[in-house]
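Novice: Starting from the structure of chain A, add chain B where the hints point.
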Amino acid sequence: MNYRTQRIAYLFFATSLLLLSLQIVYGFIMAFAHSGYDVLHDIIPFHVARATHTNLLVMWLLSGFMGSAYFLIPEETQSEIYSEKLAFVQWLAYVLVGVTAIVGFHFHWWEGRKFLEIPRPLDYLVVIDVLLFVYNIGMTIWYGKKRTTTAVVLYAGLVSAALLYLPGMIPTDHQTADSYWRWWVVHLWVEGVWELILGGLLAFLLLKLTGMDREVVEKWLYVIVGLTFMSGILGTGHHYYFIGTPSYWLWIGGLFSALEPLAFLGMAVYAVVLAKKGGRRHPNQNALLWTVGCAIMSFIGAGFLGFAHTLPMVNRYTHGTLVTAMHGHLAFWGAYAMIVFGIISYAMPKLTGRKVYESPTAAFAFWSSNIGMVAMTAAFAVAGVTQVYLERKVGMDFLAVQEEVEVHFYGVILAALLFTSGIAAFIWDFIRYGLPKQERVEDVYGTDFIGA
Amino acid sequence: MFSRSQAKAFFLIGTALCSFVFLGLTVDTFRQMPQLTNAHNLSPEVIKGKHLWDVNNCMGCHTLLGEGGYYAPELTKVYERRGPAFIKAMLTDPESMYPGRRKMQAYDLTEEEMDAFVAFFKWVGEMDLQGFPPKPQLLPVAVPAAGQGGIAETMAQPKVFNQMCVACHSMNGQGGMVGPALDNIGSKMTKAELIAWITDPKAVKPETTMPKLPLSEADVIELAAYLTLLKSPTSDPSIDQQEAK
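Residue numbers (the numbering used here), protein chains in the order written: chain A, 1 to 452; chain B, 1001 to 1245.
Chain A extracted, bound-state conformation (with noise of 0.2 Å):
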């Protein structure tokens, strides 16, 4: 590694495999709940499952996205973390938090607001930490040697992913003001300002492995975004169509909305673009898979299968059901899970001096985890077309239909274990890797590769 500071990043990757993997089991308790067998019923109900499946992954995300920040900020600025005790201070606040969030969801202690059901009380705690966070990576920025357009595009996201927070925390006894507030944290934190963290990370693995010119990465990295806001704002709209709120929605959210799937898929053009023309091979290969991948990926589950079903005549019948869940996993999958997993794949060899990205199984961690995620995807679609004909078309009776549905809930756990098979590899490649070295190290990917 180039930085001593960079270290710190290892704790919050290994904080987030670590979670991710609390996920996938959460996962399967719904998958096998959904399809018949709820026999966790008495200690983890469905509820319980649900609120920590998606607040797991909230969790090991924002990880992800604090210890790609702590990796990435030092090569940008040329400098070291402003404070290297305040970052693991920060990391260890963060997992208690956490931990305190997930053990009390289990004994019903939550808020009951789809995806931010961490109780007040802690997300005042969140809150403090974020910032401490912010203010560790915006002192760096401001004493780094250098001030480059991706570091200031990943902080700009991570401060407004922090802002953005607080809007979920106004007090309201009106169910339609509620949900109306709640999307302004969800809507624009995954459809928003998570996509400026996206880009920056995106952008600086394109400049670190392509070798491409950093003015022409950096100028497509400003339109992109520019697109993300110009559909993803008003784009909001699309949670607005039919929660007691004007019927314009219907037509602005509709429109910017559908025209979301523009940016991701000039994300996947870009990266696809500038890996073929970079002219460079970067000893990497596997990280540049991730990172193409994950361009792809989320042009396909965020983008594609976004529109799918965002235009109001057709969310009329899918809205509330498995319809949703299908766009979700591939769309968290491809957007956000792919782009930690690159930033960790290109990271650890630098803050370990090893090469297991040669070996076999990060070759296979990338494929079986991403052929399950889409088998996965699939399932979901044919149990949510099915259940908006045989519910919102034949008017057939709820609990009948997930009868009717249930056997494709078989096809959801056989395609997540060949992705939890994926992840197993990944993270049994990072057990590999070991701890990071305590001082600063030669370049593991060669002199050539440092300064890009």
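It is possible that part of the hints are untrue.
[To be verified] With a straight-line cut-off of 30 Å between C-alpha atoms, the simulated DSSO-like cross-links for lysine-lysine are:
no.: 1; chain 1: B; residue 1: Lys1077; chain 2: A; residue 2: Lys393
no.: 2; chain 1: B; residue 1: Lys1008; chain 2: A; residue 2: Lys219
no.: 3; chain 1: A; residue 1: Lys393; chain 2: B; residue 2: Lys1231
no.: 4; chain 1: A; residue 1: Lys146; chain 2: A; residue 2: Lys277
no.: 5; chain 1: A; residue 1: Lys393; chain 2: B; residue 2: Lys1088
no.: 6; chain 1: A; residue 1: Lys277; chain 2: B; residue 2: Lys1008
no.: 7; chain 1: A; residue 1: Lys146; chain 2: B; residue 2: Lys1008
no.: 8; chain 1: B; residue 1: Lys1205; chain 2: B; residue 2: Lys1159
no.: 9; chain 1: B; residue 1: Lys1159; chain 2: B; residue 2: Lys1202
no.: 10; chain 1: A; residue 1: Lys393; chain 2: B; residue 2: Lys1103
no.: 11; chain 1: A; residue 1: Lys393; chain 2: B; residue 2: Lys1122
no.: 12; chain 1: A; residue 1: Lys276; chain 2: B; residue 2: Lys1008
no.: 13; chain 1: B; residue 1: Lys1159; chain 2: B; residue 2: Lys1103
no.: 14; chain 1: B; residue 1: Lys1202; chain 2: B; residue 2: Lys1212
no.: 15; chain 1: B; residue 1: Lys1202; chain 2: B; residue 2: Lys1191
no.: 16; chain 1: A; residue 1: Lys393; chain 2: B; residue 2: Lys1135
no.: 17; chain 1: B; residue 1: Lys1191; chain 2: B; residue 2: Lys1212
no.: 18; chain 1: B; residue 1: Lys1008; chain 2: A; residue 2: Lys145
no.: 19; chain 1: A; residue 1: Lys393; chain 2: B; residue 2: Lys1159
The set of hints was computed from the structure by calculation and includes no laboratory data.
The model shown is predicted, which means the values in this text are computed figures rather than measured ones.
Specialist: Showing chain B alone in chain A's frame:
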């Protein structure tokens, strides 16, 4: 083609414009929300129901306004669809209406808390939701001989038929699949048999899974009278087979 600073300007101006419009629409949405959602009906009882909905994380399984867990029924129109008696029966004992099927958590609720839930569902169901949830429209077209609209639209039926019976039984192919279809029930059972059966199914046939429904005596008589009218011109052999199960 264009420079980095032009790209940056595109990003900043585009974002600022969209944010500005979004904020304006948010102000307008909150201006219109009271009317669209009948906020004047937001009584302390409804608010209590909303609070109970949250603390019990009902959204973890159910959906409301289409938002939630996709594991348990959509409840936006549950007040209209099932009525207070059904809702309270489910809240008292989750096994009461769908015995042996997908499980709901048991809650230890007081009478006032159950009333608060009912009031909350009633308020949510009366919002202007721009046509959500959609009315099923396929089968009435596919079976023109039935001569009736969807179950929810058929006026001649007693209200409790739509609220209770179709959760497990079907008519014209719409409804549940647990109990036998009711299209020809009038040819199978007399009014007296129906009254005895609906009043307490287990007293007639101890091994049945049909629950004792939360109905008044008048409801039972009205329902039985209606059911005796259900005679399909071509008797359906599948009813006998399902009853034999």
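Novice: Give a verdict on every hint.
Specialist: Hints, one by one, checked against the model:
no.	hint	in the structure
1	B:Lys1077 - A:Lys393	16 Å, holds
2	B:Lys1008 - A:Lys219	8 Å, holds
3	A:Lys393 - B:Lys1231	26 Å, holds
4	A:Lys146 - A:Lys277	26 Å, holds
5	A:Lys393 - B:Lys1088	28 Å, holds
6	A:Lys277 - B:Lys1008	23 Å, holds
7	A:Lys146 - B:Lys1008	18 Å, holds
8	B:Lys1205 - B:Lys1159	26 Å, holds
9	B:Lys1159 - B:Lys1202	24 Å, holds
10	A:Lys393 - B:Lys1103	25 Å, holds
11	A:Lys393 - B:Lys1122	24 Å, holds
12	A:Lys276 - B:Lys1008	25 Å, holds
13	B:Lys1159 - B:Lys1103	26 Å, holds
14	B:Lys1202 - B:Lys1212	8 Å, holds
15	B:Lys1202 - B:Lys1191	18 Å, holds
16	A:Lys393 - B:Lys1135	7 Å, holds
17	B:Lys1191 - B:Lys1212	18 Å, holds
18	B:Lys1008 - A:Lys145	22 Å, holds
19	A:Lys393 - B:Lys1159	22 Å, holds
Comparing the model with each earlier hint shows no violations; every hint is respected.
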